[in-house]
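Top line first, the protein sequences correspond to chains U, Y and L.
Going by my numbering, the first sequence opens with residue 1, and the numbers climb by one from there.
Going by my numbering, the second sequence opens with residue 1, and the numbers climb by one from there.
Going by my numbering, the third sequence opens with residue 1, and the numbers climb by one from there.
A few of these clues could be false.
Listed next, the stretches of chain Y that the computed footprint assigns to chain L, with coverage defined by at least 3 CB atoms under 8 Å from CB atoms of chain L [stated by the list, open to error]:
| # | region |
| --- | --- |
| 1 | 196-207 |
| 2 | 315-329 |
Ranges between beta-carbon positions, derived for each pair [as the list claims (entries may be wrong)]:
| # | chain 1 | residue 1 | chain 2 | residue 2 | range |
| --- | --- | --- | --- | --- | --- |
| 3 | L | Met1 | Y | Thr390 | 34 to 40 Å |
| 4 | L | Glu84 | Y | Leu207 | 35 to 41 Å |
| 5 | U | Gln110 | L | Asp209 | 56 to 62 Å |
| 6 | U | Asn43 | L | Asp13 | 41 to 47 Å |
| 7 | L | Glu238 | Y | Asp157 | 31 to 37 Å |
In short, the hints are calculated from the structure, not lab data.
Using N, Cα and C, we set each Cβ at its ideal position, and we do this for glycine too.
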Amino acid sequence: MAERERRITPPYGGVFVPRTRVMDADAVTRAVTRIAHEVIERNAGLAEVVVVGLQTGGVRLAHRLVEAFERIDGSQVPFGTLDVALYRDDIGLRPVMPEAVTAIPGDLNQKVVVLVDDVLFTGRTIRAALDALTAYGRPRAVQLAVMVDRGHRELPIRPDYVGKNLPTRRDEAVDVTDDGVELGDMVRERR
Amino acid sequence: MGKAVLVIKGGEVLDETGRRRADVAIGAEGDVVGVGADLDGNRVIDAGGCLVTPGLVDLHTHLRQPGREEAETVESGSRAAALGGYTAVVAMPNTEPAIDCASVVREVIELGAKALCDVTPAGAITRGRAGVELAPMAEMAALGVHLFTDDGAGVQDARLMRRAMEYATSLGVTLGQHCEDESLAAGGHMHEGEWSSRLGIPGIPALAEELMVWRDIALSRLTGAPVHFLHLSTAGSIELVRAAKAEGLAVTAEATPHHFTLTHAEVVGYDPLFKVNPPLRSVEDVVAVKAGLADGTIDAIATDHAPHAQETKEAPFDEAPPGMVGLETALALATTELGLPVEAVLTLLSWRPARIAGLAAEHGGPVAVGRPANLCVIDPTATWVVDPATSASRSRNNPFAGRTLTGRVRHTMLRGEPVVLDGEAQR
Amino acid sequence: MRHLLSIADLDVDVIEQVMTLTDSFVEVGERRIPKVPTLRGRTVVSLFYEESTRTRLSFETAAKRLSADVMTFSVGSSSVKKGESLRDTVQTIEAMGVDAIVVRHGSAGVPRQVANWVEAGGVRVINAGDGAHEHPTQALLDCYTLRERLGSLRGMRIAIVGDVKHSRVARSNIAAFTVLGAHVTLVAPPTLLPESLVGWPVEVSHDLDAELPKVDAVYLLRMQQERQTEALVPSLREYTACYGLTARRAELMADGAVILHPGPMNRGVEIAAEVAECPSSVITRQVANGVAVRMAVLFLLLAAEGGDVADE
Numbered sequence: 001m002a003e004r005e006r007r008i009t010p011p012y013g014g015v016f017v018p019r020t021r022v023m024d025a026d027a028v029t030r031a032v033t034r035i036a037h038e039v040i041e042r043n044a045g046l047a048e049v050v051v052v053g054l055q056t057g058g059v060r061l062a063h064r065l066v067e068a069f070e071r072i073d074g075s076q077v078p079f080g081t082l083d084v085a086l087y088r089d090d091i092g093l094r095p096v097m098p099e100a101v102t103a104i105p106g107d108l109n110q111k112v113v114v115l116v117d118d119v120l121f122t123g124r125t126i127r128a129a130l131d132a133l134t135a136y137g138r139p140r141a142v143q144l145a146v147m148v149d150r151g152h153r154e155l156p157i158r159p160d161y162v163g164k165n166l167p168t169r170r171d172e173a174v175d176v177t178d179d180g181v182e183l184g185d186m187v188r189e190r191r
Numbered sequence: 001m002g003k004a005v006l007v008i009k010g011g012e013v014l015d016e017t018g019r020r021r022a023d024v025a026i027g028a029e030g031d032v033v034g035v036g037a038d039l040d041g042n043r044v045i046d047a048g049g050c051l052v053t054p055g056l057v058d059l060h061t062h063l064r065q066p067g068r069e070e071a072e073t074v075e076s077g078s079r080a081a082a083l084g085g086y087t088a089v090v091a092m093p094n095t096e097p098a099i100d101c102a103s104v105v106r107e108v109i110e111l112g113a114k115a116l117c118d119v120t121p122a123g124a125i126t127r128g129r130a131g132v133e134l135a136p137m138a139e140m141a142a143l144g145v146h147l148f149t150d151d152g153a154g155v156q157d158a159r160l161m162r163r164a165m166e167y168a169t170s171l172g173v174t175l176g177q178h179c180e181d182e183s184l185a186a187g188g189h190m191h192e193g194e195w196s197s198r199l200g201i202p203g204i205p206a207l208a209e210e211l212m213v214w215r216d217i218a219l220s221r222l223t224g225a226p227v228h229f230l231h232l233s234t235a236g237s238i239e240l241v242r243a244a245k246a247e248g249l250a251v252t253a254e255a256t257p258h259h260f261t262l263t264h265a266e267v268v269g270y271d272p273l274f275k276v277n278p279p280l281r282s283v284e285d286v287v288a289v290k291a292g293l294a295d296g297t298i299d300a301i302a303t304d305h306a307p308h309a310q311e312t313k314e315a316p317f318d319e320a321p322p323g324m325v326g327l328e329t330a331l332a333l334a335t336t337e338l339g340l341p342v343e344a345v346l347t348l349l350s351w352r353p354a355r356i357a358g359l360a361a362e363h364g365g366p367v368a369v370g371r372p373a374n375l376c377v378i379d380p381t382a383t384w385v386v387d388p389a390t391s392a393s394r395s396r397n398n399p400f401a402g403r404t405l406t407g408r409v410r411h412t413m414l415r416g417e418p419v420v421l422d423g424e425a426q427r
Numbered sequence: 001m002r003h004l005l006s007i008a009d010l011d012v013d014v015i016e017q018v019m020t021l022t023d024s025f026v027e028v029g030e031r032r033i034p035k036v037p038t039l040r041g042r043t044v045v046s047l048f049y050e051e052s053t054r055t056r057l058s059f060e061t062a063a064k065r066l067s068a069d070v071m072t073f074s075v076g077s078s079s080v081k082k083g084e085s086l087r088d089t090v091q092t093i094e095a096m097g098v099d100a101i102v103v104r105h106g107s108a109g110v111p112r113q114v115a116n117w118v119e120a121g122g123v124r125v126i127n128a129g130d131g132a133h134e135h136p137t138q139a140l141l142d143c144y145t146l147r148e149r150l151g152s153l154r155g156m157r158i159a160i161v162g163d164v165k166h167s168r169v170a171r172s173n174i175a176a177f178t179v180l181g182a183h184v185t186l187v188a189p190p191t192l193l194p195e196s197l198v199g200w201p202v203e204v205s206h207d208l209d210a211e212l213p214k215v216d217a218v219y220l221l222r223m224q225q226e227r228q229t230e231a232l233v234p235s236l237r238e239y240t241a242c243y244g245l246t247a248r249r250a251e252l253m254a255d256g257a258v259i260l261h262p263g264p265m266n267r268g269v270e271i272a273a274e275v276a277e278c279p280s281s282v283i284t285r286q287v288a289n290g291v292a293v294r295m296a297v298l299f300l301l302l303a304a305e306g307g308d309v310a311d312e
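Taking the hints into account, I'd like the entire structure generated from these sequences.
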């Protein structure tokens with residue numbers, strides 16, 4: 001579970017307790033493959049595409065997407081990771097800490113950046129990511145791929161590629177791994 | 001027995017001659033007119049459960065007047081002294097101008113005439129305390145000055161100090177030395193040792209003090225002049241004085257309450273409240289000061305009451321002036337911290353310093369008929385918490401804030417006048 | 001962490017956290033636009049009572065790359081010249097509503113005093129060097145630079161050479177190096193060592209030639225001209241002869257051992273010009289890492305903790 005999500009879902013800093021499995025491992029794999037095809041189709045190939053996974057939850061998925069591209073048409077798509085902590089809009093309101101060092105492959109000028117994250121929720125992380133990308137150049141386009149769109153958007157942001165649309169309550173939490181997608185709750189950690 | 005206008009009733013008299021339950025009657029002239037059981041007078045001051053002792057005498061007070069009235073005046077300082085049980089203080093000459101001639105001596109004596117305790121000025125040894133030429137000691141001695149010192153600085157020049165001592169023998173006065181070799185102490189702001197090294201504050205080595213103690217003992221041996229060592233702070237100094245006394249030399253010494261209670265570790269927070277000269281020393285030095293007070297090597301406890309205006313102490317440690325106030329806490333620190341019988345504490349605070357100051361005719365003598373009623377009434381069991389905000393001093397640079405002490409001054413009589421009653425200054 | 005006043009206040013976890021964070025800020029510095037919006041709306045004041053252009057610029061660059069507003073209070077052009085007291089100056093700055101004060105002062109302990117004075121107001125204080133006491137961000141950037149080259153400091157042998165007595169850099173570095181597991185040897189004439197080393201986790205040597213083959217890093221301290229007039233060394237020439245890192249001495253060092261210096265260097269005194277430029281020297285890395293480390297420190301003090309998380 002992404003540290004970001006742990007921090008923004010009450011009770012803050014709790015542990016995730018799964019309730020329902022909404023996708024199994026095969027479903028996740030199928031979704032990655034489908035998204036890969038959609039990206040190729042939409043951009044008429046992968047020539048200008050750069051995949052950027054958001055730390056930490058999006059990095060594994062971004063990596064799988066790059067592998068899928070390679071399987072489908074043999075392309076080696078440039079792959080990077082992005083930590084948005086320094087761009088968050090809740091600095092000073094909540095504890096904030098970078099989770100990993102950002103690594104962007106080369107200049108992003110004129111590239112098509114496919115941002116990858118595990119769960120799309122309020123949209124604030126994506127807002128921060130769009131801001132962060134500007135430090136690396138001016139992409140021709142930025143597209144967003146997520147495994148789960150769980151709704152509750154607080155900003156005018158929508159995904160371009162979605163693994164699954166999953167209606168949730170605001171206080172629920174979603175955990176995405178290679179093994180599948182689970183819906184559950186955050187509970188206070190026992191001391 | 002003369003007519004008593006005032007009787008201190010129900011206390012236990014404690015002076016050099018011993019302890020006894022007795023009331024003390026005071027006459028209209030301000031002297032003791034009776035000491036005994038069941039005395040009566042127009043006015044009765046309760047001393048139940050208390051000790052009635054000769055007033056305390058401070059050999060080392062900075063009253064700051066003239067020149068630094070924002071830090072202290074003779075009036076405010078003497079009020080603090082009275083609250084601390086003192087009936088006499090020796091005012092150090094490092095005023096602006098320095099007390100280095102008859103006219104400044106007269107000014108301080110005049111200011112002292114209205115004070116809440118007797119104020120007797122010490123004179124400077126050298127003009128302007130500059131350590132270059134002798135001050136007119138005879139004209140000051142003629143006005144009653146008994147102790148001469150350049151306190152704040154030691155007389156660096158050995159030849160000049162020798163001449164001062166030789167000259168002093170003809171006047172019957174005592175030279176007091178602030179022992180600090182400036183070439184070794186230069187640039188230092190705290191005791192040189194473990195803490196100065198760790199904190200990065202330049203240190204003052206113990207040797208800076210001990211070297212001058214050694215020199216002045218040797219000069220006393222050479223000249224026969226008495227020398228009084230101010231505020232001794234190191235184990236080495238005390239050992240030198242112990243040996244000099246064993247040899248029979250005319251040396252006396254004092255130590256301050258802060259040097260028997262606080263160590264250089266206090267400086268850890270860089271609070272200039274703990275900056276003082278001589279600096280707070282090591283634990284071993286504190287132990288040695290206590291031992292010196294217990295065995296008589298150190299003759300007296302002196303406060304080195306050194307008031308400084310708040311803003312001067314709210315400065316970087318290096319830039320803040322050294323010194324701490326002490327008149328209102330000296331007795332209680334001695335009774336609380338030294339582990340000595342109260343007789344021994346009063347020996348250190350009253351009769352011995354009175355003799356060194358040349359004030360024995362008026363202060364520190366036995367509580368007896370015919371003596372001036374300069375008295376202090378002490379509640380030896382009262383506990384209290386030091387609160388600088390309530391001090392009578394103009395300054396608040398008290399390093400003992402928040403400390404709980406046992407033993408408190410209840411009343412102070414200055415020639416029969418109750419200047420302090422139940423811990424309140426009466427004027 | 002409320003303030004950064006001394007390395008002695010920090011435990012190993014905090015130092016490691018600064019190191020990890022610094023990785024992120026080094027990356028920020030390599031971007032096309034090396035600036036993040038993290039401290040937008042925050043104000044950082046540099047209050048320098050002692051001129052140190054490099055440290056001040058390093059802090060101000062760090063604050064600006066975090067998008068903080070930066071004010072410079074330089075003593076030469078201020079009311080301090082008109083006799084304003086330190087406390088009044090601090091109160092004035094605090095009243096302007098600043099978030100952090102970076103303090104440099106020639107007297108040890110001033111940052112601690114300033115921190116006490118602003119305690120109620122929530123202002124953060126960073127020690128940018130106080131007298132001969134500490135220079136904690138210098139130590140943090142030195143640790144970071146050493147980790148870049150040596151991996152970890154655990155078990156490493158580091159010689160600190162020169163005027164330890166007057167050096168805030170040495171005091172901070174001894175604390176930082178040892179808490180990270182390195183062994184420190186001080187190499188200096190006795191006049192340039194502190195009078196007391198009670199409680200210092202160090203060894204002492206007066207023989208640089210004997211130490212150099214044994215160390216993984218040699219840290220040279222700046223040797224100041226004044227030390228000669230204070231009779232701490234007979235002459236700078238004699239100091240160089242005994243304790244300077246000459247080209248000949250640099251040859252004695254093991255392969256892979258590194259050379260550090262906090263700057264500004266006195267070339268030809270504590271370090272030979274060609275040694276400062278040699279591949280073993282990481283002196284320019286120190287300067288580059290200084291900005292990232294200071295960003296990490298500002299981030300930790302001003303952003304990391306944030307407000308209170310409501311526990312609903």
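Practice problem: Would you list, in rising numerical order, the hints stated earlier that this structure does not obey? | Solution: none
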